[in-house]
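Here are the chains, one letter per residue:
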Amino acid sequence: GENVEQHPSTLSVQEGDSAVIKCTYSDSASNYFPWYKQELGKRPQLIIDIRSNVGEKKDQRIAVTLNKTAKHFSLHITETQPEDSAVYFCAAIDYGQNFVFGPGTRLSVLP
Amino acid sequence: GAVVSQHPSRVICKSGTSVKIECRSLDFQATTMFWYRQFPKKSLMLMATSNEGSKATYEQGVEKDKFLINHASLTLSTLTVTSAHPEDSSFYICSARSHNTGKDYEQYFGPGTRLTVT
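Sequence lines, in order, name chains R and S.
Following the numbering used here, the numbering of the first sequence begins with 1209 at its first residue and continues without gaps.
Following the numbering used here, the numbering of the second sequence begins with 401 at its first residue and continues without gaps.
These aren't lab readings, by the way, just hints derived from the structure by calculation.
Errors might be hidden in some of the hints.
Once the Cα atoms are required to be at most 30 Å apart in a straight line, the calculated DSS-like pairs of lysine-lysine come out as [claimed, not checked]:
#, chain 1, residue 1, chain 2, residue 2
1, R, Lys-1245, S, Lys-442
2, S, Lys-414, S, Lys-441
3, R, Lys-1230, S, Lys-442
4, S, Lys-466, R, Lys-1265
5, S, Lys-464, R, Lys-1265
6, R, Lys-1276, R, Lys-1230
7, R, Lys-1266, S, Lys-455
8, S, Lys-442, R, Lys-1265
9, S, Lys-466, R, Lys-1266
10, S, Lys-455, R, Lys-1250
11, R, Lys-1245, R, Lys-1265
12, S, Lys-414, R, Lys-1265
13, R, Lys-1279, S, Lys-442
14, R, Lys-1250, S, Lys-441
15, R, Lys-1279, S, Lys-464
16, R, Lys-1250, S, Lys-466
17, S, Lys-442, S, Lys-455
18, R, Lys-1230, R, Lys-1245
19, R, Lys-1266, S, Lys-420
20, S, Lys-420, R, Lys-1279
21, S, Lys-442, R, Lys-1276
22, S, Lys-441, R, Lys-1230
23, R, Lys-1279, S, Lys-441
24, R, Lys-1279, S, Lys-455
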């Protein structure tokens, strides 16, 4: 079945710097890759997603890149702000169209 | 649009009792609903998937007799934790997906239910 790995597990950056989180997946048939942001005790919120027919997608300060050959995708946050501090989860679709989540990255943006 | 509610948000129960958690899609019809369990500082683990009017599909290792899932309508799914024990204490989150929103894969998450079994 699908296996999703995510690195780093924790990431601290200075406000204004960029943050990059990387995920790898195992199932070459996966074709949808969302990123979720979860604040403590809250629901996961979709922040960006990408389908396998594109290599990059951008939404203001957030971008996602996908390399299908290497089976990895990355989240890029530019000009980080303290409110970006949260846990970020990547996910990939498995054969049953269910999400398989990565273990998460705890991002801390230091003022 | 695409709002999912979950009730209750917090529940404390005694060991041996049963607890029911409701998940509702408020402004769309959820063809599929998912139940996840999340331990502190851990990722979301899929417990089961349910389609309206049919039996839930449970992930390996999830006891179907302990975690009863009902998806009676296109807007409501319930998870009942039967004979709860302290090890069942966790954060339970539902999500819903609709093939009618034009976003076939996207899942909309509820706010979660924190269950504490004493």
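Taking the hints in turn, this is what the structure says about them:
1. R:Lys-1245 / S:Lys-442: holds (13 Å)
2. S:Lys-414 / S:Lys-441: holds (25 Å)
3. R:Lys-1230 / S:Lys-442: holds (17 Å)
4. S:Lys-466 / R:Lys-1265: violated (42 Å)
5. S:Lys-464 / R:Lys-1265: Roughly 40 Å separates the two Cα atoms, so the pair is violated.
6. R:Lys-1276 / R:Lys-1230: holds (13 Å)
7. R:Lys-1266 / S:Lys-455: violated (39 Å)
8. S:Lys-442 / R:Lys-1265: Holds, at about 27 Å.
9. S:Lys-466 / R:Lys-1266: Given that 30 Å is the threshold and the Cα spacing comes to 43 Å, the pair is violated.
10. S:Lys-455 / R:Lys-1250: Holds, at roughly 29 Å.
11. R:Lys-1245 / R:Lys-1265: holds (17 Å)
12. S:Lys-414 / R:Lys-1265: violated (48 Å)
13. R:Lys-1279 / S:Lys-442: Holds, at about 23 Å.
14. R:Lys-1250 / S:Lys-441: holds (12 Å)
15. R:Lys-1279 / S:Lys-464: It is violated: about 34 Å lies between the C-alpha atoms, which goes past 30 Å.
16. R:Lys-1250 / S:Lys-466: holds (25 Å)
17. S:Lys-442 / S:Lys-455: holds (28 Å)
18. R:Lys-1230 / R:Lys-1245: Holds, because 14 Å separates the two Cα atoms, which is no more than 30 Å.
19. R:Lys-1266 / S:Lys-420: violated (40 Å)
20. S:Lys-420 / R:Lys-1279: At roughly 40 Å apart (the allowed maximum being 30 Å), Lys-1279 (chain R) and Lys-420 (chain S) break the hint.
21. S:Lys-442 / R:Lys-1276: holds (27 Å)
22. S:Lys-441 / R:Lys-1230: Holds, at roughly 18 Å.
23. R:Lys-1279 / S:Lys-441: holds (26 Å)
24. R:Lys-1279 / S:Lys-455: violated (34 Å)
In summary, the numbered hints that this structure violates are 4, 5, 7, 9, 12, 15, 19, 20, 24.
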